[in-house]
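Chemist: Residue strings, one per chain:
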Amino acid sequence: MSLKIVGITACTAGIAHTYIVAEKIATAAQEAGHQCKIETQGTIGRQNELTAQDIAECDVVIVAHDIKVGGMERFAGKPVVDIPISTAMKSPKSLIATIEKKLNKK
Amino acid sequence: MGLRDILNEEIIDLNLKATTKDEVLHELAGHLKTAGYINDVESFVKDIYVREEEGITGMGNHIAIPHGKSTSVTKIGIAIGRTSHEIEWESYDGLPVNLIFLFCVSADGDFAKNHMMLLAELAGKLGNDARVEKLQKVETKAELLEVLLAEDAGVAENEVADAEEFDESLISFDL
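Chains as they are written, first to last, in my numbering: chain A, 1 to 106; chain B, 107 to 281.
It is worth saying that the hints were derived from the structure and are not from the lab.
Careful: at least some of the hints might be erroneous.
Calculated pairs, DSBU-like style, for lysine-lysine (alpha carbon to alpha carbon, straight line, at most 35 Å) [claimed, not checked]:
hint, chain 1, residue 1, chain 2, residue 2
1, A, Lys4, B, Lys123
2, A, Lys68, B, Lys243
3, B, Lys219, A, Lys78
4, A, Lys37, B, Lys123
5, B, Lys240, B, Lys123
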């Protein structure tokens, strides 16, 4: 089953981790055959911003963050995975595998 | 302006002599000073350590990206070093590092947004295992730049396992 995954990353300094983790999640998702779009919220503001359509069509939302992220209300009614940056950094592949498993069980 | 414009061979060193984290930071900071990116090595390194105190910069996969905002920075850039020794470094996978990307960022709140976007772009590229695998193998600075600038990193030859298995209890989809 191919999933549509969206997400947000935001780290404390907003310079590097935010973007590395975004890439790690997206790569892991794509390698597992899913579509994935991650919005980054860093010192330079929001990039690759999720559209209403992205969110409406998504199966799951991954929020990897160490600081408060903006726009969480956009995900009302969607399954949200809320984890620290470090977890996404260490375990991107098993994160995606676990999401697949749990969504299938629902 | 593109990523190529902030990458400068003068501040890339594929043969760092350093054997410790502190030596790595000083050696790379020395290159930044020589190339006119910072005006003082010690105060720059001190500011890097302030950021190091706040959290881990060893990204796993033998890569570290120390970064800090410092008033000693006069020009935003990124120093890149590779060591032949493995360097002890706090990292997400617990492994030492040998490839270091030292972000050189001005403490001035009015820093150039363009430059910061390019640093962000570069950071994103380092999240890709296939690209990192290639970076470990390059022999010249030109090759290193080529790998960093490539749009598509391709597929890693050796799959990199997660540093840690994801804790399934972190997800509950009971809506």
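Chemist: Next, verify each hint and record whether it holds.
Modeler: So, going through the hints one by one against the coordinates:
For the proposed pair Lys4(A) and Lys123(B), the alpha carbon gap of about 46 Å is over 35 Å, so the pair is violated. Using a Cα cut-off of 35 Å, the hinted pair Lys68(A) and Lys243(B) is violated, with the two alpha carbons roughly 38 Å apart. With a C-alpha separation of about 33 Å, the suggested pair Lys219(B) and Lys78(A) falls inside the 35 Å cut-off, and the hint holds. For a cut-off of 35 Å, the pair hint linking Lys37(A) to Lys123(B) is broken: about 40 Å separates their Cα positions.
For a cut-off of 35 Å, the pair hint linking Lys240(B) to Lys123(B) stands: about 22 Å separates their Cα positions.
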